[in-house]
Amino acid sequence: MGIYILKRIVSLLPVLFVVSVVIFGIVHLTPGDPASYMLGEEASPEQVNELREELGLNDPIPVQYLNWLGGVVQGDFGDSYFMNQSVLDAIFSHIGPTLSLAIVAEIIALSISIPIGIVAAIKRGTATDQSVMVVSLMGMAIPSFLLALFLALIFGVQLGWLPVAGYQPLSNGLWNHLQYLILPAISLGAIQAALIARMTRASMLEVLNTDYIKMARSKGMKERTVIYSHALKNAFLPILTVIGATFGALVTGAVVTETIFNIPGIGQLIINSIERRDYTIIQGIVLFVTLIYVTINLIIDLLYGFIDPRVRLDSK
Amino acid sequence: MTTELLNVEQLRTHFYTEKGTVTAVDDVSFTIHEGEIVGLVGESGCGKSVTSQSIMRLYDEYMVEYEGKIEFNGDNLLNYPIKKMQKIRGDAISMIFQDPLSSLNPVFTIGKQIAEPLMLHHKKSKKEAYERAVELLALTGIPSPEKRVHEYPHQLSGGMRQRAMIAVTLACEPKLLIADEPTTALDVTIQAQILNLMRDLNKKLQMGIIFITHDLGVVAELCDRVMVMYLGQIVEEADVKTLFEQPLHPYTRGLIKSIPQMTGERKSELSVIKGNVPSLTNKPKGCRFSTRCEFADEKCIEEMPPLKTHSDTKKVRCWHYEEIIAREEGGHVHASST
Ligand SMILES: Nc1ncnc2c1ncn2[C@@H]1O[C@H](COP(=O)(O)OP(=O)(O)O)[C@@H](O)[C@H]1O
Ligand code: SF4
Ligand SMILES: [Mg+2]
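Those sequence lines, one after another, are chains A and B.
Residues 1 to 316 (my numbering) make up the first sequence, in order.
Residues 1001 to 1338 (my numbering) make up the second sequence, in order.
Just chain B, with the same shape it has in the complex (with noise of 0.2 Å):
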């Protein structure tokens, strides 16, 4: 087994609003190893964006409680003064946003936002960062990077953007790399590519990487290992194999049902999980995923099922996902009502 990079234990994270304390993330736990790439994934607001910029701690500190461990290289970061966290960040752990448009600035050049970093942590020169900034260029896949660096990311195309804001990310050459639907914002060839590039990377620099995204096919492609999502809990963690051949966890099934097949020419009929997300102020009280769940019963209604070992490399947070799958196995599965 190799060795672990990052392990966050019982994470949870409130955030002080007018409306009163509200808890994004509800007891988390996970583990990173070196060099793997984890999935992340969930329907948008399951607190995947919380998660990610709670182990670099980004909230303002006034406005957030951490609670639990996350401890990366075996140091707990929720410790740190934030003068060693601001060391951490964009060195040895660094992070890809969504949208490049916005998360670039405006008013830098591409090549100021990448040398910033390599200044800062490496000590570098700012004619050395430069320097490294066309190389990361050029290792990204951009075209004529002598170029694009003193250019400013509203002359980039989309891609290009996402490209160059890789290319901040691992300047220098971080161990854990959290990206956070990287490829949302993009078209589908772009997509393949920004995908392909971090497969690359991942390979050449052998960077652990969280991948986070609402879109399980990107996962099945990328991703190593997988853990869902559903309002601030991990619900099923397994390989990837695994977790496409016989899904746990109700929520895991909806998900997979969900994925656009291509049949012939036409999509199949997309099967989409009834309704909504609950609020944070209006979780359920026992499983989170009870008030959307066919199976759900009394018990479900009441208590909240733990995060239960199925396997060695498989967990998930349900009452009944044995009897499920019993039931599917014995043929019984009843045709969803959708």
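With the rest of the complex left out, here is chain A (with noise of 0.2 Å):
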């Protein structure tokens, strides 16, 4: 188990080296730079070229990359332009609220998506299997930042429940903590949730017309045991398969919702640091959220072979 888990992390190092090189090309190749935007309208090309010079940015773009990437893999992303600040402080000091506000989408998305999805395959064809696949239609159909302004208005503002925007550290208090998610975590979290739904209730009818859920029924089990043991184990590979993708996307669509609610994460670092070409601090979010992503996949699959025993074989 060990020795597989070692060669998944190893085989993760090519992706992420591919992305290393493209997202440094994208923000380099792209028009504008730090030293223009540090110096402002009003700076000669002669100030700017100057300035580029001492930043390095006038040597050539593959220099560039080695002495950027030989920082990398030593832990060392580099500092920002504008920030008193390390890459990597940057990173920490914002990453809290987005991955608290991504877990809390996860949660509430998994809460309400498994159950429904499994309601939905047990009463197939029936008027409460059509809502649940229209509202689910509706759920991936709305863009989110729709939804998020729909629901600060109604919530926060209109019915004055939830606070409209801004955020609050955990270390604050968990209600007051969460109280400034909720909002945002559903409006993210609603086409995670539309997307579980219908897998659920996918997988669910295919797994309910198996021989062994007959056979189950035939040993006289009870219909809640053939559906929450002996369904539900083998239908979760597919839904795993959904919740480790939209979980990424948790993380990357967060940008937008941030923004909406004001809360200062990883979306907002981003939008203000590509404003002001701030390469070190993009470079450096897009390869730890990739990071995020790889390593969620990775848990993934290990929970894949945990729950399903000819995984398991194969891998060995």
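Honestly, the hints are just simulated from the structure, not real lab data.
Careful, some of the hints might be misleading.
Computed list of lysine-lysine pairs in BS3-like fashion (alpha-carbon distance at most 30 Å, straight line) [said to hold, decoys possible]:
id	chain 1	residue 1	chain 2	residue 2
1	B	1112	A	233
2	B	1019	A	214
3	B	1204	B	1241
4	A	123	B	1084
5	B	1083	A	123
6	B	1274	B	1308
Listed next, the stretches of chain B that the computed footprint assigns to chain A, with coverage defined by at least 3 CB atoms under 8 Å from CB atoms of chain A [said to hold, decoys possible]:
id	region
7	1085-1094
8	1099-1108
Estimated spans, in silico, between C-beta atoms of each pair [unchecked claim]:
id	chain 1	residue 1	chain 2	residue 2	range
9	B	1299	A	310	53 to 61 Å
10	A	299	B	1020	45 to 53 Å
11	B	1125	A	310	28 to 36 Å
12	A	165	B	1020	51 to 59 Å
Don't be surprised by glycine CBs; every beta carbon is placed ideally from N, CA and C.
Mind docking these for me? Both chains are given alone in their own frames, and the hints should help you get the complex.
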């Protein structure tokens, strides 16, 4: 098992390498640079060029890339051009809200979508099933920023139940922390919930039709045991895949939501950094988010092996 | 005569489907006695599985309607609330399915799957149930059962899996075992082993067995009595010996003719019954077999023959079987046009 995990981690390195090349290229080849932003609009081209020279931005791009990569492999992502901070410090001071938001969104999404997916599958073809399908279709179709505005308007402005925008860290108390996250989490998690509900329904429907479910019933198993033990454990594999894919999307998709709800997370950091061409921060965030993404997928794969003995054997 | 175990009377199973209601089992009556092995044969699609799963009421109740009576130990199972039905399933009646790979749950160990009904119906502790699981696996002839209980279905060979499934169904020592084509998915040598096993277990545990197959050869080897099914109905019922000596129904005769005969080194030419089983939405009005029967006449096409008692041990559903036999005994049998 240990060797397997190690192998998987090693196999992630090429992915990270490719991502680093691509993001470095994109950042450095788009027009505009930190030097001109630092000096403001009045600066003469000579002044800008001088600063570029000083920052090493006039070196050939491959050289700049290797310099940067050299730092990265040693855990040094460089410093921000604008903030008096290293890239890692900047990321760590913004990752908390983003992860909190993603986790709350995922918990809300899962606790709604899996039960209703199961119920829809059990009551397939009935009005209940059809409502689940329609609502989940709406959940997938509605843009999350619209949902965000809508929720803020109703529950924040009209009813005043929850704050309209802002953020409080967990250290200020759980409820203080959560109440700022609920609306953004719902608007962020809606698409996920819809996707997971549909996948749960489809996966359960398939499993409920199998011979081993018939066999479980023929053994006299209670319907509850049949569904929550015999069926769900099998149906869970494809659901898990969707959860993995959508959790990554939660982290990246937070950009818009964080902006609307004014949450000081990675989303805000990257928007500000793109605006002022804070190269090192942009590169750092993209690499970092990629790392989160691949780690989650690795965890999902390991869970797969944990749930399905056939996968466990194959991976030996 | 031994005691009656199961008595099915005028069973009809209707499914609500998108294309309307279809009747897959249509007026089926039969009796199974304690310790008896009864074969249920017919081409695929004749309603053998539906008959057996109706006995255990395994279909989603809102998609199906049962009519008639299924009396087990004198009680009509069709009147049972579902909770009471669950107490019978896997305990007094259990069922072996055709494909052991798809019928065993891939994510549970063999041991868990055998232990489950024991813990549920016999209130055994987990430890006792697993110990019993090992004994049951040994009973079905699986080598090193202590090791196998902890394995998953995909780790066993096909024959081994079928033995494991038999162990699951035997766990609570059922009075009635329904085996739905338990050997169809297996190769010939393993098939023979499984048949031997079923015969042994039947003697040892005195359980009644309904053995479903489309292979009359298997019936000849294993069963005491046979019921031949065609398009949702029983068309002939007889004890095994007389069925093969003197089949009455044209369909049964066709089936017997199509058993592969080993003549020397080569299999003799198989004669197959012409045509296909009509669909449930397109059943002939009269005799269900009339679209394929070489003896069919106007009456056969218009009127459905009743299941008639021919002798103590024989029943048949055909208007003309007496004439057909008489003709044959008189030596006037027409050469089949095939
Ligand atoms: N759940 C169901 N809903 C509708 N029709 C069914 C269902 N199960 C079986 N049937 C139909 O009933 C007929 C008999 O099927 P079955 O009993 O499986 O045949 P077999 O004799 O091969 O076991 C077939 O025409 C099949 O299509
Ligand atoms: S009733 Fe007629 S059609 Fe049906 S089996 Fe007998 S002879 Fe053939
Ligand atoms: Mg069948």
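Would you check the hint for residue 1019 (chain B) and residue 214 (chain A), treating anything up to 30 Å between C-alpha atoms as holding?
Given pair residue 1019 (chain B), residue 214 (chain A) holds - Cα atoms ~24 Å apart, limit 30 Å.
Need the status of pair residue 1083 (chain B), residue 123 (chain A): alpha-carbon distance at most 30 Å?
holds, 19 Å
Tell me if chain A covers the region 1099-1108 of chain B under the three-residue, 8 Å CB rule, please?
Coverage by chain A holds for the region 1099-1108 of chain B (8 residues, Cβ < 8 Å).
Checking one constraint from the list: CA of residue 1274 (chain B) to CA of residue 1308 (chain B), max 30 Å. Satisfied?
holds, 25 Å
Outcome of range test on Cβ distance (residue 1299 (chain B), residue 310 (chain A); 53 to 61 Å)
For residue 310 (chain A) against residue 1299 (chain B), whose Cβ atoms are near 57 Å apart, the range 53 to 61 Å holds.
For residue 299 (chain A) and residue 1020 (chain B), compare the CB-CB distance with the range 45 to 53 Å and indicate the outcome.
Cβ of residue 299 (chain A) to Cβ of residue 1020 (chain B): about 49 Å, so the range 45 to 53 Å holds.
Return holds or violated for the Cβ distance of residue 1125 (chain B) and residue 310 (chain A) against the range 28 to 36 Å.
Holds, at about 29 Å.
Evaluate the given range 51 to 59 Å for the C-beta pair formed by residue 165 (chain A) and residue 1020 (chain B).
holds, 57 Å
Straight-line alpha-carbon gap residue 1112 (chain B) to residue 233 (chain A), limit 30 Å:
holds, 14 Å
Next pair to validate is residue 123 (chain A) with residue 1084 (chain B); report whether the Cα-Cα distance is within 30 Å.
The hint holds at about 22 Å.
Is the hinted pair residue 1204 (chain B) and residue 1241 (chain B) satisfied, with a Cα-Cα distance of at most 30 Å?
Holds - the C-alpha atoms of residue 1241 (chain B) and residue 1204 (chain B) are around 23 Å apart, at most 30 Å.
Taking beta carbons only, do three or more residues of the region 1085-1094 of chain B come closer than 8 Å to chain A?
holds (count 7)
In summary, this structure violates none of the numbered hints.
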